[in-house]
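Novice: Residue numbers (numbering that gives the first Met the number 0), protein chains in the order written: chain A, 0 to 104; chain B, 0 to 360.
Errors might be hidden in some of the hints.
[Unchecked claim] Okay, the calculated beta carbon distance ranges per label pair:
#1 B:S84 with A:S47: 52 to 60 Å
#2 B:L357 with A:K4: 40 to 48 Å
#3 A:S47 with B:Q346: 21 to 29 Å
#4 B:F10 with A:E81: 38 to 46 Å
#5 B:A264 with A:S62: 34 to 42 Å
#6 A:L41 with B:V314: 24 to 32 Å
#7 B:Q346 with A:Q88: 23 to 31 Å
#8 A:G91 with B:N323: 23 to 31 Å
#9 B:I297 with A:E81: 32 to 40 Å
#10 A:K4 with B:I272: 42 to 50 Å
#11 A:G17 with B:K228: 42 to 50 Å
[Stated by the list, open to error] Listed below are the simulated SDA-like cross-link pairs for lysine to any residue, each with C-alpha atoms no more than 25 Å apart in a straight line:
#12 B:K73 with B:E113
#13 B:K343 with A:E81
#14 B:K254 with A:A48
#15 B:K25 with B:M186
#16 B:K254 with A:I83
#17 B:K254 with A:V22
#18 B:K228 with B:K73
[To be verified] On the chain A side, residues computed to face chain B include the following (Cβ under 10 Å):
#19 D20
#20 V22
#21 E50
#22 A55
#23 L61
#24 E81
#25 I86
#26 Q88
Keep in mind that the hints were calculated from the coordinates and are not lab data.
Every residue, glycine too, gets a C-beta built ideally from N, C-alpha and C.
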Amino acid sequence: MMIHKTQSDSDVTLALTGRLDSVTQSELTQELEKVFEAKINLLTLDLSALEYLSSAGLRVFLSARKKVTQMGGKMKIVGANEAISEILQITGYADITVMAKRGKR
Amino acid sequence: MITVEHLSKKFGNFSVLKDINAEIKKGEVISIIGPSGTGKSTFLRCLNLLEQPSGGHIVIDGEDILKKGVNVPKLRQKMGMVFQSFNLYEHLTVMGNVTLGPIKLRGQGKKEAEEKAAELLRMVGLSEKADSYPDELSGGQKQRVAIARCLAMEPEIILFDEPTSALDPTMISEVLAVIRRLAKNGMTMAIVTHEMDFARDVSTRVFYMDEGFIYEEGSPKDIFESPQKEKTRAFIQRLRILKHEIGSQHFDLYKLNADIEAFCAKHTIDKSIVGNILLIAEETLVNMLLPLKKEGQIISLALEYAEKRGEFQMVLGYPGEVYNPMLDEGGDNLALMIVKKKTKNIQHSYSNGINQLLISM
Ligand SMILES: Nc1ncnc2c1ncn2[C@@H]1O[C@H](COP(=O)(O)OP(=O)(O)OP(=O)(O)O)[C@@H](O)[C@H]1O
Ligand SMILES: [Mg+2]
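Can you make the complete structure from the sequences, with help from the hints?
Specialist: Below, the structure written as structure tokens:
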């Protein structure tokens, strides 16, 4: 998996490319730990280039969202493809995050 | 009516039929199915002595036709044969084709033969083609003429060798309809066919041929719904299988993924389906089964693809206590929810210390 980070002030976007699964989830966890060293207002996870997501990734999203909310910020997930949106929906993520579709890759 | 015992046939050193044993009773419709080159045609051709068998017995109405001094032409009259390639006489009209045998071989008068022929042509739906020549007919029509010609000899059994294989899909059904009607009227028939749906609903028994034997036989229900032997199953369901074993605690998800992807690529499976399979494998193995796996235990994963139905099954085997992870609501449930959403049906069973999950997608 590749993680591309862009930041302006306290808004951070992480664009994920490839697979987020039980093997790669630790990479995202580590990246998020760094992100959370400062106060975050808006965390955007851009999934436009994400090809695969399993529950291991969902758990990371869940804990990130908790962290951001504790800081008084918000998290949003954008650009998920159809298969990945379906997984986000299954697990209720679609309800608890603001989804903006960016079209399929 | 026909009993075949230890029938064998060699071409040179090449043993096509090794040991065929079969019985065909009056009124039976036998479908003969099996992979290409397994001797289905050779078997039919041996039955009416178009090929000379190398050994064994073929007993028809109590008489062993492989004994010396058998009246072969008379015997052939008892058995009609319909070929894939029609084999009509191009220089004769439809009527001429149908009446030739009865006049020449059975000594019928022209008028009698033509009356009978007209009746048969009506039966196969070709009354108005009596004066046409074969090259004026479609493939389906030619094959129906061939069937009428065969019936004109009043055979006791008709042997069909892939009667619809040379036909366009539009013409297959008209020929099958005629054969179905014959079956209904109680005609004894043996039909080599690749039309599985037809074999399934027209035949009284099915012979699956493989390896020079009648490898498995049974009712259409037996053979098509619950074949007992692996090769029959593989043929019927066009089953493709991937097997993977997980022994070490350090499970390599990407090795499994690579295997699944290669397997799916070989069978040109749609990418979205591949994604689902990978997901189910990861969720069940990583989140449900591996955490419970003890040192030395082996978890097995088999992926079965029924090409014909386009369906996938994943079969997971794991040792230990009786445990169905699909009923385990512990933890955060994310894996369970994903698996339930992405599958059709999951069955758990347990025997001899091994749990089995049968996951249909
Ligand atoms: N006259 C022959 N001489 C030599 N080999 C032959 C002869 N006839 C058939 N064979 C061989 O015997 C084997 C069985 O042939 P056969 O035609 O009976 O198979 P089949 O089951 O009818 O196959 P298909 O489904 O392709 O029609 C084949 O390997 C074939 O090449
Ligand atoms: Mg053949």
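Novice: Determine for every hint whether it applies to the structure shown.
Specialist: Evaluation of the provided hints:
1. B:S84 with A:S47: 52 to 60 Å: holds (58 Å)
2. B:L357 with A:K4: 40 to 48 Å: holds (44 Å)
3. A:S47 with B:Q346: 21 to 29 Å: violated (38 Å)
4. B:F10 with A:E81: 38 to 46 Å: violated (56 Å)
5. B:A264 with A:S62: 34 to 42 Å: Between A264 (chain B) and S62 (chain A), where Cβ atoms are some 36 Å apart, the hint holds.
6. A:L41 with B:V314: 24 to 32 Å: Since the Cβ atoms of L41 (chain A) and V314 (chain B) sit about 46 Å apart, the hinted range of 24 to 32 Å is violated.
7. B:Q346 with A:Q88: 23 to 31 Å: Holds - the Cβ-Cβ distance for Q346 (chain B) and Q88 (chain A), about 26 Å, lies within 23 to 31 Å.
8. A:G91 with B:N323: 23 to 31 Å: Holds, at about 24 Å.
9. B:I297 with A:E81: 32 to 40 Å: Check passed, 36 Å falls within 32 to 40 Å.
10. A:K4 with B:I272: 42 to 50 Å: violated (33 Å)
11. A:G17 with B:K228: 42 to 50 Å: Given range 42 to 50 Å: holds, Cβ gap about 44 Å.
12. B:K73 with B:E113: holds (22 Å)
13. B:K343 with A:E81: holds (19 Å)
14. B:K254 with A:A48: holds (23 Å)
15. B:K25 with B:M186: holds (8 Å)
16. B:K254 with A:I83: Between K254 (chain B) and I83 (chain A) the Cα gap is close to 22 Å, so the pair holds against 25 Å.
17. B:K254 with A:V22: Given pair K254 (chain B), V22 (chain A) holds - Cα atoms ~12 Å apart, limit 25 Å.
18. B:K228 with B:K73: violated (39 Å)
19. D20: holds (6 Å)
20. V22: holds (5 Å)
21. E50: holds (8 Å)
22. A55: holds (7 Å)
23. L61: holds (8 Å)
24. E81: At about 8 Å, which falls below the 10 Å cut-off, the nearest Cβ of chain B leaves the hint on E81 (chain A) intact, so it holds.
25. I86: Since chain B brings a Cβ to about 6 Å from I86 (chain A), closer than 10 Å, the hint holds.
26. Q88: With Cβ-Cβ at 9 Å, under 10 Å, it holds.
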